[in-house]
Amino acid sequence: MRGRPNLYTSYEDEQKILPTVTQRVTMGAFLLATVTVPFSVVPGLRFLGTPGWLQILNVMLVFLVAALGLNILIGFAGQVSLGHAFFMAVGAYTAAVLAGSPTQALWGLELPLWFALPIAGLAAAAVGIVVAPTAVRVRGLYLAIVTLGLVFIGAHIFRNWNQVTGVPELGRDWGPLQLALWDIDGPALRFDKDGDWFGVFVSAEGKTFLFMLVVAVGFVVLSKNLARSRLGRSFAAIRDRDIAAEVMGVSEVKAKTQAFAISSFYAGVGGALYATVVGALQPEIWNLFLSVEFVAIILIGGAGTTAGVVLGAIFVQTLPRIVENTTAFLEVQVETQGWFAPIADLIIRTDGADLGIVSTVNNGPGLSVAQANGLLFGLFIVLFLIFEPLGLYGVWLRIRNYWKGWPFTY
Amino acid sequence: MTTVVERPESPDISSGYPTVASLSYDWSKRVPDQVAMREKDFGIWKGYTWERVWELVHEAAHGLLALGVTKGDRVSIHSEDRPEWVVLDIATVAIRAITVGMYPTNPAAEVEYLLGDSGSIVHLAEDQEQVDKLLEGADGAQTVKHIIYVEPRGIRGYGDDRLMFWDDFLESGRRHMAENPSAVFDLMAAAEAGDLMTLVYTSGTTGPPKGAMLTNANAQFAMDLVVNVPGRTPDGIIPNSSDTILTYLPLCHVAERIFSTWTMVISGAMLNYAESIETVQENLREIQPTLFFAVPRIWEKMAAIVEIKSRDATRVKRLIFRGVMRLARSIGKDKIANGGSHTVKSRILYAVGYPLVFRALKERLGMRRVRWSATGAAPIAPEVIEFFTGIGVPIFELYGMTENSAVATLNFAGRMKLGTVGEAYPGIGLRIDEDTGEIQTKHPGVFQGYWNKPEKTAETMTSDGWLRTGDVGEWVDGTYVKIVDRIKDIIITAGGKNVSPSEIENSLKASPLIKEAMVVGDGRKFLAALIAIEFDVVGDWATRRQIAYTTYRDLSEKPEVIELVQSIVTSTNDKFSRVENIRKFRMIPKELDHEDGELTATQKLKRSAMVETFGDLVESMFT
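So the protein sequences, as listed, match chains Z and B.
Residue 209 in the working numbering sits at position 209 of the first sequence, and the numbers go up by one each step.
Each position in the second sequence, counted from 1, maps to that position plus 410 in the working numbering.
Looking at chain B on its own, in the form it has when it is part of the complex (with noise of 0.2 Å):
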């Protein structure tokens, strides 16, 4: 007798809306063995296949549920980037619940913040760092119903009953599903395009960080547009499951969903989870991902690291590497001026410099396999997108921003401009404001305003319900577009020019010697700067003058090394007009930082705050 083993009917989600959740749900029935992240372990990728994802995705939203989590509740994530926390995130847009992600750098003061903000009632806290920050406000969130940890190093003792260690969490997801098993599939089954499935708060260069709510049909508009627009990569194919992705930058952030969860639920693409922001490099050379995405501070660590080692390369390698970065630039220039493609001119060259240098190169810095990479969230000196696409590395810029789920414009392959951010996605809704030159946007992309903030979202919006995006941008041949500046940022000078500070600093940054360059004048006479250099570069440069140092502040007030600032910013000058030309600068005298407050958790200056802290340093220029 033989008896048939019926696989048991798979839940019908379909009548849902299409969330990530149920995304990953289809993933993990079609192809269930086929690895879809991995996470180093003690020297070791370690994957974990679509099965395992959905059955961790699966325990954790009933974990969710056990834990008292209904439609609309906010679950926070304050981690690294790890499989937990993609885990968490798509567990809570499973059961209709919002996702509010956290800086992990974000320091005690903004955590409570944005916990008594979002009104999050479940918290996962990595470790025993982020959980500290948490019980340290002042009334230890009491608002947070349960602490969820993985790490659990240190966290033992505590006594404090919210605490519950990630493995319970699953333990009692797990009992909770096998008294309730339809229990998520339900929830997904309602699943309504209008659900908000995350707040994004925005770093908030000026004042405290306002979360962006964004929807189910946001996200599936993004992953339409960011992800799958067509023409988006020089060989023609859309992200797919072969594809490989390094996650490292925070997942809070909007580019970072979009280039690692989002691609990997709506193409299968594999994500591996950098060990820590310091070990990017080394990561890059194990994975050699095929997609890239990358903040401009990265890519100019990069083009740094290349800088300083060629340098210290023996005679014969440095000959060869100074010919090749010749051909390079000229081989930039050439595809440039064609759009990104190769000319035969470029084609040959490359042909000769890929055996001399391109292909080392490449491995070395994890661009081996990357056939698609971007630039974004801040502006970016061109000199830097020249060098990538000199070596070999298919490098485009976009912009977008939370507000409008990052959907904005492009630099199509093919068919980029340097210096400007492209063209806009096909059929979406943007203009450029003829009174302030402002950028707006309109498209299903755009957020359902900020959490708890009515009259913040009313500012943001115009009269006919655009998104205005707060940047100020021109057209370029008709349909690309340059970023000129945030409007907040623009300097008027005594003598009532406008000059957008932006450009000079990315020009000064564009060296690898300085790492931060603030551009003061509003309402001066004239342009002034303070400059932060690159400790790594410099400090190499010093060593080989052989110019003793001991701190970051002693390094930065050498009078060698302010000559040596001294002659980039007059050759800066000589880029720019007369009214635009830096007539004094002044070294920061510190490394800048998140937790001190002059930076974003995005590593993006604080203006106002630089100001009140340097404020003797910036005067001192001025009288």
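Next up, chain Z with everything else stripped away, as it sits in the complex (with noise of 0.2 Å):
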């Protein structure tokens, strides 16, 4: 019955992710965009086509996904947990170990990577599994430091494991971004080397964005579809009422151990597309900074949806890219005295007298970018989970809702 929006005849209806025109629409857009962004079609996006945004957009769609798995924990079962970045190592690990090169200190195996990506999820998942039983026990802040125990642990382990990580402060290499079906030396599709495809030349960043732009919608399209099948109502049983979700039938026990081995797999995943894609990391990087990052994303985004981990993991990835080109911009209007040049002058110093919260000189008074960049991050939690719990998601809601209610407020 068309025109009729609120009416469902059957529950494959009322469950549809994009259930009208106009959203298939709407994404159909925003996906052939997202596709062209290597290619620098799309007016007004075409600086993102550039190998340096290119790299910062790869490095979002990485933690997309390793975020995507953090919601489905805390997001959709309401379990919280620190040690996201130890369930990333250990599916970064599993994939040096059977993607990468050996040599006379590192293990390594040389299989390729479309056998290793899915290991590294599952060897996540499974130390998941082990994790899970004590989510049953404790709850809420507990389970925070319990996690945040394995983070430490984990810190332990990779240090001195060097035949897996590598030397500390240094790392190891990790495998090359290809599909090979088995034989390494030959590689159909190759994508950490410049080179034309179908006649079109892309370069390494843009074939890499373009994997990972298939990876990662992968993961949304499971994640939403999560969130409506059976298991993802299991989790919001849990999370609401633990105690009337074993009421109504929904094992606790079960339905945490499941929360907990989806979310280590898309960690694993992760883990294992992060350090392709930067190419070699250390040991120290897998802390509990990391860990927060992505409880940051998923606050400033908003919990328990994925299109608000969507917004942001945009939204971390280009603040520091953002504050960096802000101060930039202030510091060439301080100089030319541009139009902006007196609020300019007020935040950025450029030397040591000058007033300015943001210095640009090197190790002078007042704080750096990335001190600056940190603050501005801290600062954007805090008034999230002040004044807006659902984060971005809760803004774009706020608008909707406008709209929705339209001549009336409800």
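FYI, nobody ran anything at the bench for these hints, they're computed from the structure.
Please read all numbers here as calculations on a predicted model, not as lab measurements.
Do not rely on the hints blindly, as some may be mistaken.
Quick list of the computed label-pair ranges, beta carbon to beta carbon [said to hold, decoys possible]: (1) B:Arg769 to Z:Val221: 32 to 42 Å; (2) B:Gln691 to Z:Trp339: 48 to 58 Å; (3) B:Thr689 to Z:Trp339: 52 to 62 Å.
Backbone N, C-alpha and C fix where the C-beta goes; we use that ideal spot for every residue, glycine too.
Reassemble the complex: the two chains are provided individually, in unrelated frames, and hints are given to aid placement.
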């Protein structure tokens, strides 16, 4: 029955991810615009096709995959975890051993990526299953502390198991980003070298972006699908009130184990991809700050919503670049005495004697750009938690509901 | 070798008079896979195809035969609107028995009276509540031989062996069908025009309800005129199988029967059963019906909701809404002056208001797809019609009563006149008695009399065979009928003036703050009124002014509220002559209710009961 948006004649109807034509068209256009990013064809988005931005986008997509996993745990199932970096590391090193090249000091099996990537996810999931039972015993803050413990245990292992992780503070090389059937010498698809695809030149970053995009979209669809499935509903039941959920026939142990397993799978794949995209990582990178960054993505984006995680990943990953660009812009303003010079002067200091919060002089007084970035980051988390607990998605909801309720408020 | 599978020959029912049953059967043969009705089940609107509907009707008809129901026996139905209601209704007609509908709100005493009066032998009680009402009676309604229930919850342990679950009833029907495959078709082929098909009990504002006897011919006449009369809809298309209807008023009432069941069987329109009367708004939004009938109470309630919600809206929304509503008033006035059709000016204004408010507002009300809607069964304030016309809902007032199968007058599209109930249907007899001013009708839709009450029937018919409607009317512009009031309700003051209370009452009720008003003053020096407030709206008003209140009674006795009502009364008085002015009023201290006997099942005031209950309030105004 056309033109009756609230009428559902079957459950399939009611559960559609994109129920209306408008939504389908919008999503199609968005995906199309995203796919063409490396080719710089969409006006206004051409700058994203530069290698620098593509690298940022690639890391963003990797973070998106891992954050989706944490969102399943925190947002869907309500289990607070600070151990996400640990699960990522498990995946990353599994992939490194499977796909990396062996040296005298390092293990490496040189297996193809299509094999290593899922195994990395499964290895992390297996660790998740082992950890899950503690979540049944402890809740909330205590669970956060237990998972925090994982990060420290992990730090110790990664520092000392050098056959796997490489030398401390240097790390090891990862296998190349390529899809080969088995033999690593004749890869069917290489994503880490510039080259032509069907006669069109694509940079290595562009190729990597397209690969990451396919993976990320796949995981987004999976996560969206999970939310509306029986499994997703059982997570939500556990999150909202575990005792009530058990009364309704949802097994707490089972649901929490599943949540940890799926979340860790996402983390494992995310970790493996992270290392592959970046190329080399020190064992120290898998620390508490990485975990916190993922919590930030979820909180800023909107916990419990897939669209929110996407928004959060975009926001958190582009913020440093925006801060950097803004600082550079303000610096130019001060130097050339442009229109914004008075404001710019208040914000940045270009020499030791100047007033301003952010310093562009190396080791000068005041905050460095990176510190300012961290400060803003913290500020955003605090502001979102206080004013918009649903995150960026909540902002969108407000806008949508304003028009949905038209001409009334409710 | 090829075998030709012969479709089983359709049983020949063509020799029988067309009934709601044979019409349903026709649809099941013509469009077996089209959805005939939908019911909301765990959030999903589940469809019943015509084939399935007929299958159910066929089984139920055999089930009734298996229970020993024969021609002319009464089958009573006491349930909210649901597929089983319509299925059993049609099945009963199929085997030439008579359906008796009861209001779900009927209290036990009334159920007992109705069962006794109609002599029903098979009774469908929806759930435990309705079964209890039946068993509560002094003799447990011993005349009823079988009780079918649809919702088994709580009934299992009752141990009354007359009780039978709906599914078991259908199962017994299937067994009976296997033994006598043509029994139902034979009865359908033997159907006659004069067969009684239903007893429709009048709501009984005075005295106990009376069962109006309607025949197949009456129903056919009503379908031909009320449903299929040309010129009914603005787009000129009579109801058809692409139409959607929300069924939510009690099906035992003649209006809902015509606008859902009978419209469905004659035109193939789809019925959607509302979950309950409380969810009508929500269900309307989901279904977005194309044909819609409502009693004035529902229309008034909708207008009141719009009023409240617009007041709660944010500043910008409120500003735009107020502006567009000004447009709507102008559109409403223009259209009504033009017989309900657009003028060039109103069309332009509507085009401005549509994207801004009307589209969304109609969507919210569930009126977005309505191509024809009507109000009837009680008088309505003209302001309400004006409002809905203004926002683009084609609404027409019509008039009819149970005793003439609701065939009397209708505001035709493009020829409507506000304040009247429209013009007589083509070819029917309708006159206004010169002495009493009573409206009388004569046509094939007029009923056969009241069940078991020949003396009441005689009172209702004139010596020359016209039906006395009991309504006082007058001609407007030659062909339009304006209803003044019920004859019995006309007030003659001590000064000898004749006053029609309903006009004054409707003017009062046009305010969203007032739910019910009853003007009194028969034989008194002046007029006075009992007034009941709309709890939600006045409660909202009070909250805004930070007036604390607890109960309905507390709220209605607040001096601020009385002052508010006084201002409405004063502005109403300005519209009427001095004799018709309300000098005093009192607030009714409780919410009126069917169960307590103050309202009929159709939410009409029972004036005699009101005077009895609130006699001291009335007296206090005149002493």
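Results of checking the hints against the structure:
For arginine 769 (chain B) paired with valine 221 (chain Z), a C-beta distance near 33 Å keeps the hint of 32 to 42 Å intact. As the Cβ distance of glutamine 691 (chain B) to tryptophan 339 (chain Z) is approximately 55 Å, the hint placing it in 48 to 58 Å holds. Between threonine 689 (chain B) and tryptophan 339 (chain Z) the Cβ separation comes to about 59 Å, which falls inside the hinted range of 52 to 62 Å.
The earlier numbered hints are all upheld by this structure, with none contradicted.
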